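4 protein chains.
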Amino acid sequence: MSYQNPVFIPGPTNIPEVIRKACDMPTIDHRSPAFARIFKPAVAGVKTVLGTREGEVILFPSTGTGGWEAAITNTLSPGDTVLVGRFGMFSHRWIDLCQRHGLNVQIIETPWGEGAPLAAIEAALAADASHRIRAVLSTHNETATGVRSDIAGIRRAMERTRHPAMLFVDGVSSIGSMPFEMDRWGVDIAVAGSQKGFMLPAGLAILGLSPRALAAMETATLPRTFFDFRDMQKSYAGGGYPYTPAAGLINGLATAVEMLQDEGLENVYARHHRIAEGVRRAVAAWGMRPCAASPELYSDTVTAVVVPEGFNGTDIVTLAAQKYGMAFGVGLGEVAGKVFRIGHLGSLTDAMMLSGLATAEMCMADLGYPITLGSGVAAAQDYYRKTAGIAAKAAA
Amino acid sequence: MSYQNPVFIPGPTNIPEVIRKACDMPTIDHRSPAFARIFKPAVAGVKTVLGTREGEVILFPSTGTGGWEAAITNTLSPGDTVLVGRFGMFSHRWIDLCQRHGLNVQIIETPWGEGAPLAAIEAALAADASHRIRAVLSTHNETATGVRSDIAGIRRAMERTRHPAMLFVDGVSSIGSMPFEMDRWGVDIAVAGSQKGFMLPAGLAILGLSPRALAAMETATLPRTFFDFRDMQKSYAGGGYPYTPAAGLINGLATAVEMLQDEGLENVYARHHRIAEGVRRAVAAWGMRPCAASPELYSDTVTAVVVPEGFNGTDIVTLAAQKYGMAFGVGLGEVAGKVFRIGHLGSLTDAMMLSGLATAEMCMADLGYPITLGSGVAAAQDYYRKTAGIAAKAAA
Amino acid sequence: MSYQNPVFIPGPTNIPEVIRKACDMPTIDHRSPAFARIFKPAVAGVKTVLGTREGEVILFPSTGTGGWEAAITNTLSPGDTVLVGRFGMFSHRWIDLCQRHGLNVQIIETPWGEGAPLAAIEAALAADASHRIRAVLSTHNETATGVRSDIAGIRRAMERTRHPAMLFVDGVSSIGSMPFEMDRWGVDIAVAGSQKGFMLPAGLAILGLSPRALAAMETATLPRTFFDFRDMQKSYAGGGYPYTPAAGLINGLATAVEMLQDEGLENVYARHHRIAEGVRRAVAAWGMRPCAASPELYSDTVTAVVVPEGFNGTDIVTLAAQKYGMAFGVGLGEVAGKVFRIGHLGSLTDAMMLSGLATAEMCMADLGYPITLGSGVAAAQDYYRKTAGIAAKAAA
Amino acid sequence: MSYQNPVFIPGPTNIPEVIRKACDMPTIDHRSPAFARIFKPAVAGVKTVLGTREGEVILFPSTGTGGWEAAITNTLSPGDTVLVGRFGMFSHRWIDLCQRHGLNVQIIETPWGEGAPLAAIEAALAADASHRIRAVLSTHNETATGVRSDIAGIRRAMERTRHPAMLFVDGVSSIGSMPFEMDRWGVDIAVAGSQKGFMLPAGLAILGLSPRALAAMETATLPRTFFDFRDMQKSYAGGGYPYTPAAGLINGLATAVEMLQDEGLENVYARHHRIAEGVRRAVAAWGMRPCAASPELYSDTVTAVVVPEGFNGTDIVTLAAQKYGMAFGVGLGEVAGKVFRIGHLGSLTDAMMLSGLATAEMCMADLGYPITLGSGVAAAQDYYRKTAGIAAKAAA
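Protein chains in written order, with UniProt numbering: chain A, 1 to 396; chain B, 1 to 396; chain C, 1 to 396; chain D, 1 to 396.
Hints listed in this document are in silico derivations from the structure and should not be mistaken for laboratory results. Treat the hints with caution; some may be incorrect.
Chain copies aren't distinguished; within one or between two, either way the pair holds.
What the hints assert, rightly or not - Under the rule of at most 20 angstroms between Cα atoms (straight-line distance), these lysine to any residue pairs were calculated in the SDA-like manner:
hint : residue 1 : residue 2
1    : K40       : E54
2    : K386      : S375
3    : K47       : K234
4    : K323      : E277
5    : K338      : N312
6    : K21       : E258
Every value quoted in this text rests on a predicted model; they were computed, and no experiment measured them.
Hey, can you work out the whole structure from these sequences and the hints?
What follows is the structure in structure tokens.
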């Protein structure tokens with residue numbers, strides 16, 4: 001850990017200095033007003049990042065997986081039907097979670113590399129005349145394939161079919177890094193985690209809840225206590241928490257949202273897009289392509305790079321870790337071996353990103369890939385230097 | 001937060017310097033061997049602290065409440081019967097959790113200030129000829145009243161009645177501070193949290209699981225995903241984790257167990273006893289008494305001090321916070337107002353404890369209590385100076 | 001270092017959380033504007049603390065001893081005469097430094113426990129018709145004896161004798177904790193260190209320089225390079241530094257002066273006075289007395305407690321460290337063994353101070369002193385609880 | 001400071017995580033045994049890094065400049081003659097310091113880009129039949145030009161001429177990064193700073209002193225107090241310090257030397273050489289050259305890159321800071337504008353270095369330099385990937 005490179009995994013992300021220091025907090029009495037002084041701005045800031053004025057925010061000392069579970073158990077009952085497209089590891093896992101909780105999961109199988117299957121979703125909703133579908137679930141940014149889905153498009157499909165289902169979105173690897181508009185998109189539950197765009201250590205599940213979602217908790221019969229929204233709401237009203245909160249992480253979250261707002265969310269998104277686009281230029285220069293099927297699907301937080309036939313993407317990741325002390329992501333599930341993943345979200349500069357690209361090139365050269373050293377770096381450099389104003393503004 | 005006193009709440013506790021630094025870790029790739037290097041010693045160390053060789057340890061990015069839920073959902077099925085004594089806020093909350101999860105909770109109401117009702121438990125077990133009781137649940141150290149229960153005694157009652165129920169113990173505010181013997185006491189699930197005797201920030205539920213508890217998970221039908229032992233077991237086998245772990249806290253836990261072992265668990269317990277006994281001497285010098293009904297019930301981690309008639313214990317806590325910037329605990333539930341609580345666990349010295357006692361005295365004098373300033377301090381000083389060798393050894 | 005008490009030495013002092021974090025800064029390029037952004041507010045804040053508008057502030061990566069040397073070498077020439085009262089270890093050391101640099105030191109021997117000998121100084125100045133005395137040197141707060149001297153009185157003596165000498169003041173253990181009025185008192189050089197009232201680690205010598213002192217550097221011929229004011233002035237003009245600065249400490253200093261100003265200097269001084277007065281009440285309750293000869297000399301940052309005949313004050317310090325892990329100060333020089341010293345400056349609360357007093361009592365009891373446990377604590381408690389508004393305000 | 005790149009200035013260097021945490025230490029009583037427990041291993045470790053068994057190590061809360069001053073004032077007297085080659089900014093500054101202290105400095109003017117002028121030194125020594133030259137001074141690694149001098153060669157010249165002068169070496173930017181053999185080379189005083197190869201913040205002057213240098217202090221008459229070796233020696237003998245030490249930095253130094261020894265000094269030097277050689281390959285690929293006149297002079301800690309006619313190297317540094325948030329070093333003195341400097345010492349990986357090279361390339365492209373983006377990166381990548389075993393070993 002001594003001479004340490006930044007990580008290029010798609011989360012947890014590199015933690016900025018000020019956030020690390022905010023998290024590293026001495027013990028406070030969480031039943032005192034000192035807690036409310038950090039909790040309230042954290043919650044208020046998250047609402048801004050989620051793009052919601054109407055919704056509420058609830059924080060659990062947990063992770064994104066816990067956030068998924070909380071979304072389900074607080075709003076649904078055993079046997080309820082949910083509609084989900086499966087097009088990557090994280091949509092798959094959410095499906096599995098629903099099934100374990102006794103939900104009836106209507107799955108739309110979708111090729112990995114595609115995004116949420118809008119047409120099929122619309123068709124399914126249209127076919128559901130009796131409105132048995134209680135919720136449509138979608139991953140916003142599928143971390144396994146580097147694919148961004150069109151959440152607004154799902155809402156439009158729901159509107160066109162006049163379907164009353166709720167819309168639950170896994171925004172774990174997008175929120176805080178890519179535009180997210182909870183109110184405008186009609187998202188009923190947005191699930192985020194601390195360790196991606198919020199640039200914190202793992203340990204907080206962050207949920208945005210629409211009034212409809214909150215209403216649903218009154219009738220939901222799936223059992224829950226740790227993840228019960230009702231206890232949270234009751235405690236929050238008094239500036240409190242139903243059990244011991246992760247005070248340091250919440251303090252860090254307050255700092256993170258302040259950082260994001262100081263930079264300006266539009267600038268944050270532009271910064272992520274710029275870093276990501278440089279990565280994509282590098283990938284193209286290598287003669288390779290993202291796993292995402294088409295440009296409008298490209299994620300600005302992670303790129304799954306499809307490796308040439310005859311190569312195993314996992315080898316790059318292993319070699320990078322062992323030989324160069326650098327962390328990339330392996331391919332998961334259906335694309336295991338077929339891709340390696342470059343995370344480019346959170347606290348990153350263009351210069352850091354170039355070190356990641358340069359290291360990936362060294363690994364590929366080491367493994368006999370037909371690439372020219374420096375080629376991807378040069379493509380990214382060319383793009384970065386022509387677009388550097390955004391970075392400069394962000395770092396100021 | 002600038003000129004900060006230690007806290008004297010019964011958790012979260014003061015965090016030692018080295019543990020804070022261990023928790024404040026830069027981002028690592030939790031899928032790399034770097035994670036296993038911190039995870040394995042943390043888990044191994046926890047086993048020692050729990051007093052188990054046969055059991056396994058599972059860590060969730062959660063809190064003690066989550067640990068309770070995990071204990072239940074992984075081993076029981078809706079409608080199962082559990083036997084619990086209610087004698088404080090935390091036994092009450094666990095009961096509530098069980099009820100929300102559809103268990104049939106056989107409650108033995110017990111006066112607050114008493115410990116686990118051994119005779120009534122034994123009678124209930126004896127009466128349960130059909131062995132409908134699947135588990136006996138008990139709080140080891142009831143944080144609301146400062147009462148330690150006799151867990152070995154529960155096991156003996158189970159043995160005498162030859163009852164096959166499992167024994168689940170909430171050791172959140174005892175483990176790491178007071179003797180705990182999971183194997184010897186026949187505990188099937190021990191639940192701890194990071195923020196008490198382990199001296200870490202809140203954010204980890206720590207569970208010790210006996211082979212029987214692990215076997216029970218095969219048939220348990222309560223739904224769970226985030227808290228699923230099966231996923232944990234599967235991942236741990238490969239040095240991994242089923243979702244993003246709280247790596248910094250786990251690193252801190254590895255450090256904490258190393259600290260506890262370096263000091264020697266016997267010395268850790270002796271240190272807690274010594275600090276606690278000084279507090280009790282002070283309480284006696286004030287002409288007051290602990291809420292715990294008798295000396296063998298006295299907790300070495302928290303003392304709930306019964307205030308005289310006509311006074312409200314909560315006022316001491318409020319005044320201490322506002323006037324002296326010091327945190328004590330209020331009375332909860334049935335003893336709200338009747339007690340105030342002094343936490344004395346984790347990272348504390350005798351000198352720190354004296355500052356807590358001296359501040360409590362100032363508050364009581366401010367509020368018109370019939371006490372003499374310095375009286376409790378003197379009683380504690382007298383005890384501490386005659387027993388100081390233990391502290392010196394611990395701090396060395 | 002695990003279970004750590006605050007220190008009660010008269011410096012270095014306990015470092016507040018926020019200052020520690022400000023000091024712990026990643027590397028910056030000290031030739032970039034980033035350095036000026038921390039340097040300028042630090043310097044501006046120090047001027048406020050010193051009470052100067054006319055003067056300049058210079059910071060060296062050094063200590064108070066280095067500050068003394070810089071004061072001398074930048075303004076004087078070999079053979080120059082300086083007038084100094086010797087009444088403690090730190091005035092003694094400054095005298096020694098002057099002698100080693102070839103100055104002619106006119107020493108007024110003064111009993112330890114007294115402050116600067118105003119009458120003798122005035123007599124010496126009056127006798128110096130030819131104005132051979134180039135500077136009068138005085139320790140403001142003699143850390144060895146806990147004595148505060150009347151610097152304004154020295155200036156008045158200089159005015160009454162119309163003597164043109166400069167006035168150099170060692171304010172290492174007073175500045176930032178006790179009132180200091182550089183301009184109003186006509187101080188030409190004020191020397192401070194980072195590790196006392198500024199609550200930082202040791203490592204910065206902090207000097208305030210009047211226009212006269214700056215003018216003197218033009219003709220001073222004592223050799224100096226590292227400590228040369230001229231290089232500093234030249235570099236500061238461009239926002240730079242003549243060599244590598246201690247950037248983290250300067251960042252911490254910027255934070256420290258911001259803290260002091262946020263609290264309000266008057267409140268800072270009142271807080272120190274209140275903590276100190278509680279200590280003195282305790283000392284009186286023990287039947288002992290401060291080394292300082294009379295109340296107007298009492299220091300608000302350190303109390304040297306005279307121990308009874310037949311006892312050695314150093315034993316208290318040794319025992320406190322070994323048995324209770326607590327640091328007090330030993331007697332130095334002429335009062336070695338005759339006193340022990342309690343530091344009460346910087347980041348301290350009343351509650352912390354009570355832990356120090358309680359520990360001192362335990363040590364004295366252990367050593368057979370004729371004191372009653374709790375007696376000093378009670379006297380301090382009584383005073384603190386009646387005056388607690390100031391602390392509350394400070395900690396808010 | 002939020003999204004921060006590593007620095008590529010030739011010091012202060014990037015501080016490893018563990019060293020930052022070691023420096024960030026709570027206040028200890030430096031008169032207690034706790035101080036000796038950190039001080040002794042720090043001093044012992046420095047001796048190993050300096051390559052001395054016979055010598056002693058003295059640490060001042062100061063910087064390299066203070067170290068130079070201490071070297072001179074403790075061993076020489078006004079009017080003494082020293083022999084120095086001037087071939088860069090840091091040899092120039094040391095000369096200036098000597099002159100300010102009244103020494104007779106015999107200067108050998110040497111082109112910048114050359115190293116210590118061995119032949120001229122030998123000639124001067126040979127000509128000094130009366131042995132008026134008391135010390136030969138040399139910069140080991142001239143940070144301004146990126147030139148390493150042959151210190152062993154100077155000693156050989158002294159031996160060949162049988163000249164009894166002492167040999168003082170400025171190793172500020174070499175020690176801990178490049179081989180240094182104090183005993184074998186017959187160095188009498190070696191001067192280092194904390195903020196280069198030791199990877200600490202600035203704030204410590206680190207000196208190695210031969211028995212001859214220590215003997216010289218008995219007769220030296222230059223005035224000194226803060227920097228007096230005698231006070232240091234006296235205090236060290238008892239595990240103490242003559243004034244308040246920079247305890248946190250010393251704790252960090254203990255950690256730094258432990259890190260260097262754990263890695264193995266040979267590996268540390270090989271790591272620096274490898275990183276440096278990659279930089280030089282990049283420079284060559286750009287069609288440019290180091291300022292150092294010939295390969296045997298190449299520094300492994302800093303490369304001063306000569307920019308083409310018509311360009312101003314300072315512009316690269318300014319642009320890198322403003323546009324890319326990255327710090328390089330400007331040319332100083334005679335080579336101002338003619339070079340820009342890339343620091344490559346301390347805590348750096350090959351991947352980090354590539355980000356520095358890539359950023360330099362972007363700046364050069366922005367400024368119209370005739371270079372191809374990615375060209376230098378590719379040359380460095382090629383070298384790094386073929387030599388990566390060393391890095392892997394170091395990071396393990």
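Violated constraints from the hint list, given by number and in increasing order = Every hint satisfied by this model.
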